[in-house]
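Enquirer: Residue numbers (numbering that gives the first Met the number 0), protein chains in the order written: chain A, 0 to 633; chain B, 0 to 180; chain C, 0 to 481; chain D, 0 to 100.
Certain hints may be false.
[Stated by the list, open to error] EDC-like cross-link-like pairs, simulated, lysine to aspartate or glutamate; straight-line CA separation at most 16 angstroms:
1) B:Lys132 x D:Glu72
2) A:Lys26 x C:Asp290
3) C:Lys464 x A:Asp75
4) C:Lys464 x A:Glu202
5) A:Lys374 x A:Glu455
6) A:Lys577 x C:Asp440
7) A:Lys65 x A:Asp278
8) B:Lys132 x B:Glu143
9) C:Lys154 x A:Glu455
10) A:Lys56 x A:Glu491
11) A:Lys30 x A:Glu114
12) B:Lys132 x D:Asp91
Simulated from the structure, these hints should not be mistaken for lab results. None of the values given here were measured: they were computed from a predicted structure.
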Amino acid sequence: MGNLSQLVYLVPLFPLIGFLINGLFWKRMPKNLGGIIGCVAILISFVISLGIFLEVKSPAYHDEPKILFDFIRSGDFYIPFAFQVDALSSLFLLIITGIGFLIHVYSTSYMHHDEGMVKYFAYLNLFVFFMLLLVLGANYVIMFIGWEGVGLCSYLLIGFWFKNRDYTNAGKKAFIMNRIGDLGFLVGLLLILFNFHTLSYHEFFDKLHSPQSVVPTSTYNWIAICLFIGAMGKSAQVPLYTWLPDAMAGPTPVSALIHAATMVTAGIYMIVRSNALYDLAPMALNLVATVGLITALLAATMALYQNDIKKVLAYSTVSQLGFMFLALGVGAYTTGVFHVMTHAFFKALLFLGAGSVIHAMGGEQDITRMGGLRKKLPITYFTFLIGVLAISGFPFTSGFVSKDEILMAVYEHNKLYFYLAAFAAILTAVYMFRLLMLVFMGGFRGTEDQEHHLHESPAAITFPLIVLAIFSLVGGFVQLPHLFGGHDFLNEFLAGAKIPAFVHEDASTAMKEMTLFGATVVGLLIIFIGTRKAFAVKQFDGNYTGFRKVLANKWYVDEIYDATIVRPMEAMSNVLDKFAEKKGIDGIVNGVGKTVKWGGDRLRLLQSGQVGFYIFIMVLGIVMLFTLSFFWIK
Amino acid sequence: MDIYDILFWILSAFAVGCALGVILSRNPVNSVMFLIGTFFAISGHYILMNAQFLAIVNIIVYAGAIMVLFLFVIMLMNLNADVEPQKGQLVQLAGVISGGVLFLVILASIKTAKTESIDKTSTDIGLIADLGKVLFTRYVLPFEISSVLFLSAMIGAVVIGKKEETKSVSKEDESEMKQFL
Amino acid sequence: MVLLFLILIPLITGIMSFAVKGEGAKALALLSSILTLGVSAYISGANYSAPITYNHDWISILGTQFSLAADGMSSMLCLLTGIVVMVVMISNVNKEVESPGAFYGFLLLSQAGLMGVFLASDALVFYVFWELALIPVYFLCSRWGGEKRIAVTFKFFIYTFVGSLMMLAGLIFLSMQTQGLSSYSWADITRAGAALPPATQQWLFWLIFIAFAIKMPIFPFHTWQPDTYEQSPTPVTIILSALMVKMGLYAVLRWLLPVLPAGVAYWSDTVVVLSVIGIIYASCIAIVQTDMKRLVAYSSIAHMGLMAAVAFSHSNIGMHGIMVQMFNHGINITGMWLIVSMVENRWGTRDMTKLGGMATSAPNMAIAFVIISLASVALPLTNGFVGEFMLFNGLFSGTESNHIVVMVVAGLGIILGAVYTLNMIQKTAYGSTVKMVIAKDLSMNEYVGLAIVIILIIFLGVYPKPLLDLTYNIAGMIVPGH
Amino acid sequence: MPVNSTHYLFLSLLLFSIGIMGALMRRNAIIIFMCIELMLNAVNLLLVAFSKIYGDADAQLFVFFIMVVAAAEVAVGLAIIVMMYRKVHSVDINILNRLKH
C-alpha cells in the first residue's frame, strides 16, 4: 500500500468523476449504467479509504496536510486547497464511503423505476464528494466548502421529486435552516481568522496551545459558540432542527445516507476536530451539552406519537444526534465519534429497512395502515429488529456499547443530565418498539390491494440490510467496556489524531456499569411487553387527544416559528416593498420631480406673451441686482 | 466752459429732447422725425469726439437708411394717423416709474465711478484711415462674417415679407385674430 | 497604444453599425465584441508584468491629457466588459430587434464608454467616458424598452445625470487645487485631494460620492434601478447591472478612496451603515417580489451593498475581495439575466406566480438556472463564494469599522439571499408544468452563452488564483495608510 | 464744469432710460422698435466716449459692428412687422401674445 495517503485526493476524485459523467450525460445515459457508474465510483473510493485507514493505523504515520493547490491567496491571507489525513478523517472516510456504497447499491434497486435515476446518482455522488471534502479538509475553509456543499446536495435530493411543491418547500427549508447555521459557522471562521490569522487546523491548534497567545477566554467561547451554531443547523439541534423531519420528503436511501448516517454528523465531526478549541471554552462546551440534552429529550417526545414511519426515524435521528452532542459536551469526544459510527450503522439500517417496507407497501408511509409485515418481509423484519434493538441499547449490540459509554460519561459530569439522558434513552426504546410493533406485528391494516402486492425486496435491497445488520450487532466491539472483556481500540486509534478519550475504568465504574446493564435489560423487557400489548394490534386509528396531540404535533414548534419569524418577516417585507420603497424613498425621489414640475407649471404663467411685461420684469431684475450690489457687494 | 462744453450741453439737450419726443408723440411719423433728430445729435457728439467716420456712418446708415425704412413702413401701413390704441394710464405710469427707477439706480451706482477727463484736443483714432487699418487687420474676420449676416438678413427679410400665395389665413385664424383687435 | 484599441474597436464598429442594415449589424457587433475581448484578454495577460499606459495631448488649456492606464483592476474590468458584451451578443444572435443597426450601434458605443471609464487616468477623460457610457443606454431604454420606458428612462437619466454633474463640479474643484496649472491627471488630483483640509474633504466627499452611490446603487439612492432594469431590454439590463454598476464601485475605488482620504475616513461609518441597511432592505423587498426582473434587481442592490460596505471598511483583503467580487458578480448576474430573458421569451411572462415546471419542459435551462442561482448565493466552489468570503473577512477585519454587529447584519443578507433565490427557483423551475406550455430547451447560441458563464463560475470558484493574482497589487494601493 | 466721462455716462444712461420707458409705455410695435434703436445708440455713444477717453479704436469698431447688426436687425424686424400687419391688420403688440405659456 505504501504511500496511499499521498493519493488521498483520489478518494473524493472518483465520486466527482462519477458525478460529472452522470451529471453531464444524464439525458442519454441508460439507467443501469448510471447506477453502475455511481456505485463503482464509491466502491473505488471505499477501497482507497480502506487502504488509507490501514496506513494511518500504523504508528509510523505522520499526518502532514497534503496541499493540492492554492485556493485563495491574498498576501498573508492564504488558504490552500489541502487535505488532512489522520485517524479522525480516515475513520469518517470509511463510514462515508462504506455506508455510502451500501446505499448506492440499495438505490440501484430502490430508484429503478424513477425516470430521474441517473440524475439521482449524480446528486448522490456529488454528495459523497462534498462529504469527503468536509472531512478531509485541512482547514476550516475546505470544511466549509464541504459543509455548504452537502447542504446543497441535501437540498437537491430532498426536492428530488421537484414536481411536488411540498417536497421542494422542504428542500428549501432545509437549505435555509442550514444557511442560518452556516452564518454562525462563517462568523466563527472569521473570528478565528481575525484572532489567529490562520484557518489551518495545524497552525490554529498550535497557536491555541502556544503560551504567546493573548486571546481572552471569552473569545474562545465566542468562537466555539459560533461554530456550534453551524453545527446546530447541520446536525439538526434545537432550535434549528425542524428541517430534518421535513427532509424525509426525499427518497428513502437519501434519508438513510444524508439525513441519518453522514451529513447530519458533520457537526459532531467539526466539534471533535476542534476539540482543542472546545477544551479551552468551558462555557461553549456546557452549551453543547445542554443543547444536546434538550434536543435528545425533545425529539424523543416528538417521536412518540408520529404516524409516518420516516418521521419517527427522523425524530429518532435528531434525538440520537442530541446524545452525540451531549457526549461531546461532557468532553467525551471519542465517545461521540463512536456513537456517530454505531448510529451510522443502525440508523442507516433502519432507514433502509423502512425504505424496504415503503417499497413493499407501494409508497405507503403511514404506520397506522401497516402491521403484520413480519411474515411477508422476513429479511426486512429481522434486520429491522436488529436495528431497533441496537438503537434501544440491547446489551452487546453496537448501540448499547456506545450509548452506555455516553451515559457513563454524563454520569461523571452531571447527575441531573444523566437522569434526563437516561429518560431520553428509555423514550428511544419506547418509540422504536412502538414502531416495530405497529409495522411488523399485529394485523395488516392497509388496503387489500397493498396486501396483495406485499413482497420481500430484491437482493440489491436486502444485501445492504444484512451487511448493516451485522455491523449493527458487532460494531460495538471495537470499544467494548473492559468489564465485558473489551478493549478501547477506537480510543487508541483516535488518539493518533490528538483526540482525548473518556476513560474511566475502575471498580466503581464497573459497579455502575453492571447496574446500568441490569437496568437496561429489565427496562427493555418491560418496554417490549408493554408496547407489544399496546401496539401489536389489529386496529389502530392514530388520532390523539390532549397532551398526546401536542406531542403528535411536535409541540407546535413549526407553527410557533411560522408565527414568530416567517410571518412577521413577510409582513415586514411587504411593508418595506409597498410603503417604504414605493411611497417612501421612491416617493421622495418622485416628489422632487413633481415639485419642480409643479413649480414650473406655476412659473409658466409668468410667460404672459406680453412683451412689455417681460421688459418690465427685466428692468425690475436689473434694479434689484443693482440695489443688492449697493448693500452687500462692495 | 469752452466751446467743447457748450456744444456738449447743447447737443445733449437736443438729443434728450428729441428722445422724449420719440416716446411721447402720438403720431408715429413724428416719432420717426424725432428719432432722426436724436441721431443727428448723437452724430454731433461723435464729431465732437473726432469720430468722424462713425458720425458719417451714423447719419448715412441710421438717419438715412434705417429711419427711411421705418418711415416707409409706416407710410405703407398708413399708420401716420393718430390711431394707435393707448395703454392704460396705470401701465404707462408703471413704465415711466420703472424706467425712472432704473435710471436712478444705475445713476446711483455709477455716481462713484472714477471720473476720467476728456482730452479735448483732436486725436486720430476716429479717422477713417486708422479705423480701416484696424478693421482690415484685427477685425477682418468679423467684418467678413458681418457680410454674411447681411446677406442672411436680406434673404430673411425677403422671405418673411413675401406675400404667401397659396396659403392664406384661414377663416378660423382670422376670427381668432379679430378677437384680439 | 494597445489600450486605444479597446476603446476604438467598439467605438468605430458602433458608429459603422448605424449604417448597416439587418443581420449585418448583428454579425458586426459579434465580431467587434470578440475582437475587443481578445484585446482585453491580451492586456490582462500582459498586466502580470507591468501596467500599460497611453498618453496623448488633448485639451491642454484645461490641463487635461488623453491618458489611459491599465493596471490590474482596470484590465480585470475591461476583461469583464469584453466577456459580458460578447455573451450578450452571442445570446442575442437569434433574437430580432427593431432597427438592429442602431441597437447594436448603441450597445457598442456604450461598451466603448465603459472601456474608457475603466481605463481613464485623467479625470476629465473619465468624466467624458462616464457620460458616453450612459447616453447610449438612455436611447436603448427609451426606444427598445418596455411599456413604461419613457417615464422610467427619464427618471433614470435625470437621476444619474444629476449625480454626474455634481461629480464634475467636484472634479473641477479638485483640479483647481492642483499645483501650478490646473491638472486633471489622476496622480495630481490624488495629491491635491489628499492635501486638502479635512473639512473641505468632508463636503467634497459627498459631491463626488453621490454620483457613484447612484450608479452602484447604494441605499437610498437606488430607486431608479429596479424600474430601469424592469423596463430595459435584456442586453441593456445586462450592461447596466453587470458593468455600469461596477463603474460606480470602480470609481469609488479609483477616484474617491485615494483622492479624499480624510473625507472617506470621516464618512466611512455612515456609508457602511447605509450599505448594510441596503443589504437587508433590498433582500427583504426581493423576498416579496413576484416579477423575476425586479427580484434580480433587488438582489443586485443587496450584493452591491455588501461590496460598498467593504469598500469603506479599509482593509486590504476586503479590497482584494471587491476586485474579485466585481468580476464574479458581473458574470453571475449576466447569467441570471440571460435566464430571465429566456423565461420571458418562452413563456411570455416574468410573473413567478404564473410560472413553474421549467425543470420538466426545459431541463438544461433549469440546471443552468440552478447553478447560476447557487453562484449568486455564494455557494462554495462557485465563484461567488471566494469573493464573498474575502468580503466578509474584509468587513470584519477592517480597521475602522470593526463591528461584529455590522458583519452579522450583513451576513443576514446571506440567509435572506438564499430565501429569495430559492423562492425564485422553486416558483419557476419546480412544480408542475400545468401553468406553462411546453417550450423548447436551450438553443445553440443560448447554450454557448450560458456555458461561458457557467464555466467561468465553476473555474473561478475552484481555482480563483488567476483573478486574485491579477488584482492583488492594486488592492494594496487603494486603502489609504496601508 | 468741464465735460468728463461722467457726463457721457449720464447722458447715455438718460437716453437709454428714455428708450426703456418708451418700450414700456407704447403699444405700437414700430415705436418700440425705434426705442430699441434709441437704446442701441445710447450705448454706441458711450462706447465712442470711452474710445475717445482711452484712445483705443476698438470701441469704435464695436460701434461699427453694432450698426451693422442693427441694420440687419431692422431689415428683418420690419419685415416681421409688415407681415404681422398683413395678417392681423395691426401693429399692436398686445395681440402678439402667442408665446404665452
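Enquirer: Run every hint past the structure and note whether it holds.
Expert: These are the hints, each one checked on the structure:
1. At roughly 27 angstroms between alpha-carbon atoms, lysine 132 (chain B) and glutamate 72 (chain D) are farther apart than 16 angstroms, so this suggested pair is violated.
2. As the CA atoms of lysine 26 (chain A) and aspartate 290 (chain C) are separated by approximately 31 angstroms, the hinted pair breaks the 16 angstroms bound.
3. Pair hint lysine 464 (chain C) plus aspartate 75 (chain A) holds up; C-alpha atoms about 15 angstroms apart against a cutoff of 16 angstroms.
4. For the hint linking lysine 464 (chain C) to glutamate 202 (chain A), the alpha-carbon distance of about 23 angstroms lies beyond 16 angstroms, and the restraint is violated.
5. Using a Cα cut-off of 16 angstroms, the hinted pair lysine 374 (chain A) and glutamate 455 (chain A) holds, with the two alpha carbons roughly 10 angstroms apart.
6. Restraint check for lysine 577 (chain A) and aspartate 440 (chain C): not satisfied, since their Cα atoms lie roughly 36 angstroms apart, outside the 16 angstroms limit.
7. Distance restraint check for lysine 65 (chain A) and aspartate 278 (chain A): the Cα-Cα separation of roughly 26 angstroms exceeds the 16 angstroms cut-off, and the hinted pair is therefore not satisfied.
8. As the CA atoms of lysine 132 (chain B) and glutamate 143 (chain B) are separated by approximately 15 angstroms, the hinted pair is consistent with the 16 angstroms bound.
9. Taking the CA atoms of lysine 154 (chain C) and glutamate 455 (chain A), the gap is about 70 angstroms. The hint is violated against a cut of 16 angstroms.
10. In summary, the hint linking lysine 56 (chain A) to glutamate 491 (chain A) is supported, as the alpha carbons are separated by about 10 angstroms, within the 16 angstroms threshold.
11. Only pairs whose Cα atoms come within 16 angstroms are accepted, and lysine 30 (chain A) paired with glutamate 114 (chain A) is accepted, the gap being roughly 8 angstroms.
12. Between lysine 132 (chain B) and aspartate 91 (chain D) the alpha-carbon distance is near 45 angstroms, which puts this suggested pair outside the 16 angstroms criterion.
Hints 1, 2, 4, 6, 7, 9 and 12, counting from the list given before, are not met by this structure.
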